[in-house]
Amino acid sequence: MNQDVIIEVTNLVKHFPLKKSLTQTLREQFFYRGKEPIDLKVHAVDKVSFKISAGETFGLVGESGCGKTTVGLLLLKLIEPTSGVINFRNEDISQLSEGEIKTKRKEMQIIFQNPYESLSPRFSVLDTIAEPLRLLKIYNSEDEVVERVKETLKSVGLPQTEDFLDRYPHELSGGMRQRVGVARAYTLNPSFIVADEPVSMLDVSIRVGVLRIMKDLVKKFQTAFLFITHDLALARYMCDRIGVMYLGRIVELGKTEDVINNPLHPYTKALISAVPDPDPEATRTEEIPIVGEIPSGLILPQGCRFNPRCIYAEEKCKETDPDLLEADPTHLVACIRFKEVNNLVKEGEVE
Amino acid sequence: MVLLEVNNLKTYFYTRAGIVKAVDDVSFKLEKEQTLGLAGESGCGKTTTCLSIMRMIQPPGKIEGNITYKSKDLGKLSKKEMKDIRGSKISMIFQGAMNALNPVHRVGNQIFEVIKIHEPDVSKEEGYNRVFDVLTSVGIDPERARDYPHQLSGGMQQRALIALSLVSNPDIIMADEPVTALDVIVQSQVLKSVKSLKDRLGLSMIIITHDLSVIAEICDKTAIMYAGKLVEFGENRDIFKEPLHPYTAALLSAFPSLTGPRMELKEIKGAPPDLLTPPSGCRFHPRCPKVMDICKKKNPAYTDSRKDGYVACHLY
Ligand SMILES: Nc1ncnc2c1ncn2[C@@H]1O[C@H](COP(=O)(O)OP(=O)(O)OP(=O)(O)O)[C@@H](O)[C@H]1O
Ligand SMILES: Nc1ncnc2c1ncn2[C@@H]1O[C@H](COP(=O)(O)OP(=O)(O)O)[C@@H](O)[C@H]1O
Ligand code: SF4
Ligand code: SF4
Ligand SMILES: [Mg+2]
Ligand SMILES: [Mg+2]
Numbered sequence: 003m004n005q006d007v008i009i010e011v012t013n014l015v016k017h018f019p020l021k022k023s024l025t026q027t028l029r030e031q032f033f034y035r036g037k038e039p040i041d042l043k044v045h046a047v048d049k050v051s052f053k054i055s056a057g058e059t060f061g062l063v064g065e066s067g068c069g070k071t072t073v074g075l076l077l078l079k080l081i082e083p084t085s086g087v088i089n090f091r092n093e094d095i096s097q098l099s100e101g102e103i104k105t106k107r108k109e110m111q112i113i114f115q116n117p118y119e120s121l122s123p124r125f126s127v128l129d130t131i132a133e134p135l136r137l138l139k140i141y142n143s144e145d146e147v148v149e150r151v152k153e154t155l156k157s158v159g160l161p162q163t164e165d166f167l168d169r170y171p172h173e174l175s176g177g178m179r180q181r182v183g184v185a186r187a188y189t190l191n192p193s194f195i196v197a198d199e200p201v202s203m204l205d206v207s208i209r210v211g212v213l214r215i216m217k218d219l220v221k222k223f224q225t226a227f228l229f230i231t232h233d234l235a236l237a238r239y240m241c242d243r244i245g246v247m248y249l250g251r252i253v254e255l256g257k258t259e260d261v262i263n264n265p266l267h268p269y270t271k272a273l274i275s276a277v278p279d280p281d282p283e284a285t286r287t288e289e290i291p292i293v294g295e296i297p298s299g300l301i302l303p304q305g306c307r308f309n310p311r312c313i314y315a316e317e318k319c320k321e322t323d324p325d326l327l328e329a330d331p332t333h334l335v336a337c338i339r340f341k342e343v344n345n346l347v348k349e350g351e352v353e
Numbered sequence: 246m247v248l249l250e251v252n253n254l255k256t257y258f259y260t261r262a263g264i265v266k267a268v269d270d271v272s273f274k275l276e277k278e279q280t281l282g283l284a285g286e287s288g289c290g291k292t293t294t295c296l297s298i299m300r301m302i303q304p305p306g307k308i309e310g311n312i313t314y315k316s317k318d319l320g321k322l323s324k325k326e327m328k329d330i331r332g333s334k335i336s337m338i339f340q341g342a343m344n345a346l347n348p349v350h351r352v353g354n355q356i357f358e359v360i361k362i363h364e365p366d367v368s369k370e371e372g373y374n375r376v377f378d379v380l381t382s383v384g385i386d387p388e389r390a391r392d393y394p395h396q397l398s399g400g401m402q403q404r405a406l407i408a409l410s411l412v413s414n415p416d417i418i419m420a421d422e423p424v425t426a427l428d429v430i431v432q433s434q435v436l437k438s439v440k441s442l443k444d445r446l447g448l449s450m451i452i453i454t455h456d457l458s459v460i461a462e463i464c465d466k467t468a469i470m471y472a473g474k475l476v477e478f479g480e481n482r483d484i485f486k487e488p489l490h491p492y493t494a495a496l497l498s499a500f501p502s503l504t505g506p507r508m509e510l511k512e513i514k515g516a517p518p519d520l521l522t523p524p525s526g527c528r529f530h531p532r533c534p535k536v537m538d539i540c541k542k543k544n545p546a547y548t549d550s551r552k553d554g555y556v557a558c559h560l561y
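Chains as they are written, first to last, in the working numbering: chain A, 3 to 353; chain B, 246 to 561.
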């Protein structure tokens, strides 16, 4: 793999201040009366760090609301981080103003989840794909625009005929629309792309085509690709490395096969054991129980965020909010007990 | 014992744009204590099939064919008789039904109201005991009966709906995409309660899903639909191990898996057809890797190449 790091984030934090309605205030006072005062912010993303190299696909996986989309939007500076560093091609862009970031925009693109909403119904295929070129005024003639659009269409496996260029989104199938979305993201040959659940609205039989195209383009153009998904099997198919998120934190990070075949964090273990297998005769991995439900991002558990649901939790888990520790140099896990949990040391043994 | 038999079901919508053949000559059987998974892509007719069984198709839709429940022809029943069956013998949990719970009433009261519809004379005490029972049976702490729907998580709301569908002691429960909107951990918890329910109560179920892994997990039989047609039907194990119909095979190899070697997924070219103008002959022919001349002209009939099931393809 090309070790050219394109984007690297360090200790990225995003808190959404909460605009409270009266009923909300009342409800909270009613429910949490007598407990310690609560910090009323949504901790959407907390101390998230990772990097993506050229030609590499990094996956963020986790259940809904864990902060995946927020990370994607932060990296593109579509929302402002509360704190943290975003190094994009060796420049910290976290503090850049909207005006300053504009020049970076052609380098970073996003592919949205819903191909039915993300394309403007009043834009033809040509206009949709040409939009970034036109916005940034980087072309010499209309002919050049059309040429660029046709080239991009070819790379996503769509027809390049005049008729197709003139079609509107409602005349396209879901798979075609998403390919147009991919094409638009690639018009300016960006070095970094965020794809947020890009195939979750597509039917199975048309998904594979879109996935394959994204995979090919990442290699061909050596893009740094952030693939956001709640579907672990998809992440396994697409990604070189993945980060598993829980309540705004990355709890485990490593090479895809390592994380999936040898999960170290209790949450990752539970998550993987819950995925149904498309084979009725598959030997079930041992089911890892998980207690209760995801707490809201508003009132975080003390210490390790997973402790109220963790079957391995001990007293000390309520005291420390663990940072990512190295299980080995490429496999990180945010659990203070990961050695005991994975029988890497004997219970009670002192290192 | 065969509980429900669907024979040559055709449900067409006579729209202004033309006839939408949403379900076209579909046949299958459901036996007692069996769970059938009905799978296929969006718009292939899964929901319409189940709504047709319930006789809930509104004009311009029309149903043809035979649906027999316990040797009663449902097509010949009066509106009143059908309504009784719908309310008590066959229950349906609708697609996206999570919003079906009334937000301003406590969950327990809502279930109690449904019990009262079936048994107007039930006492409060007896009724609420039943409420607590059904909630327990789907793995919800009866304490939560006092909660309003928004106080329950998505998975609990889905379970509350299953509880609701259980109060009339139905023979058959049809659930349309019951776990689609749920996260995997919650999904696995709901599937587990469904599994234990069917074992304990001997329920028969039809589960509609586009996710084959859900079927692999909890069903006995699988029916695969494509563009209004049922293309393959049989024992779960057989179908997953050795899919006969090229569409079933394609669908299975388009699913990534978490276990086993990391495999390339196979692309199925093209997209499902518009049911206003389906392709001639076999509806899968424009996308089929094994297409033959006859496929373009002649609609393949059901053949019984499959043990306890069938497949509709000219290869067999
Ligand atoms: N009332 C209606 N009028 C006209 N066409 C209809 C009507 N209801 C359904 N259809 C059409 O019938 C076909 C089958 O629809 P159905 O809702 O059964 O699909 P489905 O398999 O349940 O799909 P999904 O997975 O998206 O829920 C579709 O082409 C749909 O557009
Ligand atoms: N604009 C916002 N204002 C307040 N809270 C938000 C906002 N956007 C996201 N959140 C909250 O941040 C958390 C993470 O959300 P999100 O990044 O969308 O999760 P995911 O993409 O993993 O489903 C959730 O609790 C969500 O409700
Ligand atoms: S730190 Fe403790 S509570 Fe957190 S995951 Fe590890 S064992 Fe569980
Ligand atoms: S009938 Fe022909 S086109 Fe249809 S699935 Fe069989 S081989 Fe393919
Ligand atoms: Mg999201
Ligand atoms: Mg449906």
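These are computed hints drawn from the structure, not numbers from a lab.
Keep in mind that a hint or two might mislead.
Coverage of chain B stretches by chain A, computed from C-beta distances (three or more under 8 Å per stretch; other residues unrestricted) [to be verified]:
#: 1; segment: 477 to 491
#: 2; segment: 495 to 504
#: 3; segment: 513 to 521
PhoX-like, lysine-lysine: derived pairs with alpha carbons at most 20 Å apart [stated by the list, open to error]:
#: 4; chain 1: B; residue 1: Lys552; chain 2: B; residue 2: Lys542
#: 5; chain 1: B; residue 1: Lys321; chain 2: A; residue 2: Lys217
#: 6; chain 1: B; residue 1: Lys514; chain 2: A; residue 2: Lys217
#: 7; chain 1: B; residue 1: Lys255; chain 2: B; residue 2: Lys266
#: 8; chain 1: B; residue 1: Lys542; chain 2: B; residue 2: Lys511
#: 9; chain 1: B; residue 1: Lys321; chain 2: A; residue 2: Lys156
#: 10; chain 1: A; residue 1: Lys49; chain 2: A; residue 2: Lys320
#: 11; chain 1: B; residue 1: Lys552; chain 2: B; residue 2: Lys486
#: 12; chain 1: A; residue 1: Lys108; chain 2: A; residue 2: Lys257
Listing some non-contacts, in silico: residues in chain A with all C-beta distances to chain B over 10 Å [as the list claims (entries may be wrong)]:
#: 13; residue: Arg169
#: 14; residue: Ser207
#: 15; residue: His232
#: 16; residue: Gln304
#: 17; residue: Phe340
#: 18; residue: Asn344
#: 19; residue: Leu346
Since the model is a prediction, treat every value here as computed from it, not as a measurement.
Glycine residues also receive a C-beta, built at the ideal position from the N, C-alpha and C atoms.
If any of the earlier hints don't hold here, list their numbers in rising order. The structure conflicts with hints 4, 5, 8, 9, 12, 14 and 15, although it agrees with all the remaining ones.
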